[in-house]
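Protein chains: 4
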Amino acid sequence: MGPEGGTLEESNRNLDEISDLALQLQNETGVKVLWVTCNLFAHPKAQVKKGLDIAKKLGAENFVFWGGREGFLSLHNTDVAAELKHMSNFFKMAVAYKEKIGLKCQFLIEPKPKEPCKHQYDYDAMSVIGFLKHFGLDGHFKLNIEPNHTTLAGHCYEHDIVMASAFGMLGSVDSNTGSPDLGWDTDQFPMDIRNTTMVMKTIIEQGGLQPGGLNFDAKVRRESTDLEDLFIAHIGAMDAFARGLRNAIRIVEEGVMNKMVKERYMSFSSGLGKMVEDGSTSLEEMEEFIKQHGDPKVTSGKQEKYESIFNHYL
Amino acid sequence: MGPEGGTLEESNRNLDEISDLALQLQNETGVKVLWVTCNLFAHPKAQVKKGLDIAKKLGAENFVFWGGREGFLSLHNTDVAAELKHMSNFFKMAVAYKEKIGLKCQFLIEPKPKEPCKHQYDYDAMSVIGFLKHFGLDGHFKLNIEPNHTTLAGHCYEHDIVMASAFGMLGSVDSNTGSPDLGWDTDQFPMDIRNTTMVMKTIIEQGGLQPGGLNFDAKVRRESTDLEDLFIAHIGAMDAFARGLRNAIRIVEEGVMNKMVKERYMSFSSGLGKMVEDGSTSLEEMEEFIKQHGDPKVTSGKQEKYESIFNHYL
Amino acid sequence: MGPEGGTLEESNRNLDEISDLALQLQNETGVKVLWVTCNLFAHPKAQVKKGLDIAKKLGAENFVFWGGREGFLSLHNTDVAAELKHMSNFFKMAVAYKEKIGLKCQFLIEPKPKEPCKHQYDYDAMSVIGFLKHFGLDGHFKLNIEPNHTTLAGHCYEHDIVMASAFGMLGSVDSNTGSPDLGWDTDQFPMDIRNTTMVMKTIIEQGGLQPGGLNFDAKVRRESTDLEDLFIAHIGAMDAFARGLRNAIRIVEEGVMNKMVKERYMSFSSGLGKMVEDGSTSLEEMEEFIKQHGDPKVTSGKQEKYESIFNHYL
Amino acid sequence: MGPEGGTLEESNRNLDEISDLALQLQNETGVKVLWVTCNLFAHPKAQVKKGLDIAKKLGAENFVFWGGREGFLSLHNTDVAAELKHMSNFFKMAVAYKEKIGLKCQFLIEPKPKEPCKHQYDYDAMSVIGFLKHFGLDGHFKLNIEPNHTTLAGHCYEHDIVMASAFGMLGSVDSNTGSPDLGWDTDQFPMDIRNTTMVMKTIIEQGGLQPGGLNFDAKVRRESTDLEDLFIAHIGAMDAFARGLRNAIRIVEEGVMNKMVKERYMSFSSGLGKMVEDGSTSLEEMEEFIKQHGDPKVTSGKQEKYESIFNHYL
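Here the protein sequences line up with chains A, B, C and D, keeping their order.
According to this note's numbering, the residues represented by the first sequence are 3 to 316, in order.
According to this note's numbering, the residues represented by the second sequence are 3 to 316, in order.
According to this note's numbering, the residues represented by the third sequence are 3 to 316, in order.
According to this note's numbering, the residues represented by the fourth sequence are 3 to 316, in order.
In short, the hints are calculated from the structure, not lab data.
There may be inaccurate statements among the hints.
Which copy? The list can't say, so a pair holds if one copy fits it or any two copies do.
What the hints assert, rightly or not - Here are the computed lysine-lysine pairs in the DSS-like style, where the Cα-Cα straight-line distance is at most 30 Å:
#	residue 1	residue 2
1	276	261
2	221	94
3	276	221
4	34	87
5	293	59
6	106	299
7	299	87
8	264	106
9	34	293
10	87	102
11	299	34
12	102	293
13	102	221
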């Protein structure tokens, strides 16, 4: 959803035209609109209502809140607690309106650090999860992870995908990349097979992304001035994810690494470890156990072995 | 709490000696031990029990869990979801034992990113808040913020102090600093008056830190080889915080900036804004309001004016 | 110098109009145009010729080459050695044309990392110095340092100003700032008194900047929407540099820190140290000296003392 | 070369013992000592003399100056110009002594940013090249690039290898890696095939590294506690470089990408471009040319196509 300027009515008229076109394309080609992404620049609250109406009309399966300006530029002029509360109330209104109009799609928030605000409230996966849980919104939202945003927040490429998945909150993926040595959002086409393999492995292990998916939020470089570059970029990036998927399937099906991980955590499958896992023991019992049996044996993490095995699948 | 090696019994004996000495010093000098900080390196779970016993003996008012190794070095060999659950169960055991022995102190978690693990689960304030809320532990813990850790997580110096405070979770402060151009934990003595002013302003605005406080988790540089450097460093850093406190008091008492902030958010004090603040409106009402009254007037953020005024207080 | 699009002739016509206007303003107000800054986007080589003609017409005292796109986006498609050679040849042409038309101004290169190219050849002060010396151009250029660029290259605010000065290459300063926790070029108005003091101290110690100066390459934040914000921002930043200058003058005149530095390096003023300083000793002589006199005594760097003293001047 | 503490004589005795052992091993196994790496911690100048004597005794082919502490922790207490001069005089003494004892090996400087000093003078390849050229030392030294240091300086993995090679200064490679999301020197075993391919491609294109080579400056992770981890790590990393070498050979031999690069720069092979390449044209001629022929046609950089092709070789 786009147009930033103009009055609300003009903006709504534009959105109607765009969505009519989308609906027509959808009907003619059979290709479904899966996402409606809503940035919150102009008339934000009224615009989101319009966006939800359009999502209903298009039968969209995902609705992404891309918090372009949900943050502060300076702490001096900002009441952080008030802003967080306003933001949560706004999300609650969106949930209420969604239910009112019978829109069935998944709501998604896309974490993004450092741009355009000095601090974005949706800095990374854990920031958004903390916010949603604090305001009781975690039942209504999942996360749409963009790896370029993840690396800007100081994490490795697949980090937020793994963390969101561990908390049961991974809903969709903006499949792009940045350069980890740059501090801005380059939105490049993802081409690194290692990265795509890690992402697909996590998606497989959580049983897929439905109704989410992979969305190419990427653009060709400024120097890529031929029309064919657009096609080459999409094909190259799709190939990168396809190779990642094939690698991930083999890794998961052959189960070598998974078996090693299981063995590493085996001590939590019985005895005292099982009681830690279940939360049914106490510090006193643990002390007593260590006094009797000595410290638990340290087992090697074998990171280099895992890395070498992983390389066999690339 | 220190000794890393040896058996549990040796370690406990060492801790007994240290805590007896601390108790004796406390009695003779009247200077209280305010914090017991517990790192989780060797025999972690049994050690924490011992630490809680010592905290009880010393009458400590704060107990800091400094999660030295609560994270992963490689995603290949790690089951993130399992580790988070184990960690939460461990914290629950600590809460249970604390209540059992009648220990009254505040439990604190100290966020720390990137060291020593590639990823620490307690990356920054919001990561810890998300974790605590997910596992229902947020009533039992507050945060001990170390600004050097904050800057390593990609935020400005005072960021996590402000965020923790906004969520009602700021319990104590490790008063040190790093160099924002470096990516490792230098633990320098804090000397920047701007930074100390921002920290003290937040602490004043939330009504103080009790039972927490400022703890100099800092060391002199490797080149500072004179004995007097230790004293100069502590005095210089205390002076820096004292100047920060005086600046912050004047800023808060004179109220110039606070009044500007209030005016900036005034639209949330009445009418539709008040209904957003209270969470008692809906997207439909807001759309209706904008149709009738037009877009709300944008007021200037005036960041440069705030910054100029702030400079008058330094 | 601005206009990016259009043909060379259109662009030149625009530049003629702009420079005529500047000349008129200069004549009417007595305020001189000190810098002509030339970005190298469109028709770069022809445009620079035009820029030099205009600089001559305006009597400019500085000509800044702002290397907006002097770098690579990808190593795959780039011949680094060829590009460096082309760039050096281009600078040589500019030197030749400058001499031909009798333009007396100082040529300046402005280091800039990471934007807009993934790698800029003029990454930081030392990168530019290395380039200039390799191609024999160091006699014809000085550096125009923008501290926001310096922090993006991973250095502290004043770093490139100090390094350029140490190599005798500091010609001018773009007085702005960024946020060290952000990885992009925010071009904010400089408001940190500590930073401005460090910059002015370096400038004083090298005997000034002439014909260079301080140039506000800064813009108000996007949220600063009032007209007065522009004035407040310039005034606030000028005040910040004025306070920095006053602080620096007192630091230099009172000489406390300078005396401490002199004492720290005193061992290089006599004996073997003097011979190291002069380059008139050898490894054999040094070994002999240490065998006879033992290792040189380590003296404390006393960083915390310096920092405490420095704070007295702020 | 190691021992940090003790008197010069003790230190020298230790070094004699170590080097005798190395010599014996060399004779018995036929495996040559290729590098002597000298850190400059204790008795630095005398120690380097000893190191050069040992290098002579062992027939070392490379002598690496690893500037562990060649930098400053604080600008307040530092005379940067003096320190740079002292450092250059020290290197000149080393060159003189090397020639005196007839040592034939290649001198190498290893760039390193941010650790252990806040600023290292040998920050990255270009910093060292600038320093060497300024003090007339560039004929006597090459660079030993450690990619983990390169990424800490804010560049991509292979950046300093490419830049050093472009300036004819690439002498040797410390084959390790870090995590680009971390800001400290993790010295991990290199396992990323993409990275090793890029490094080997550069080495092939410059005709090899002799007398330098690849040196595993890496250590297993703290959690890798089995003895076999050491072997697995070395084997895995060697395999990674072997795959990188095979990929690079195919890329170079098949020449697809190289041909594309040649075509991209074709305009510099004839006409005006050739004159820029040769440095035999002028701004006037170029303006004239553009007036007659219009702007040169922009050709697409086709980065995504290069990246897709590159992926075919991995």
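Structure versus earlier hints - violations, ascending order: Of the numbered hints, 2, 3, 4, 6, 8, 9, 11, 13 do not hold.
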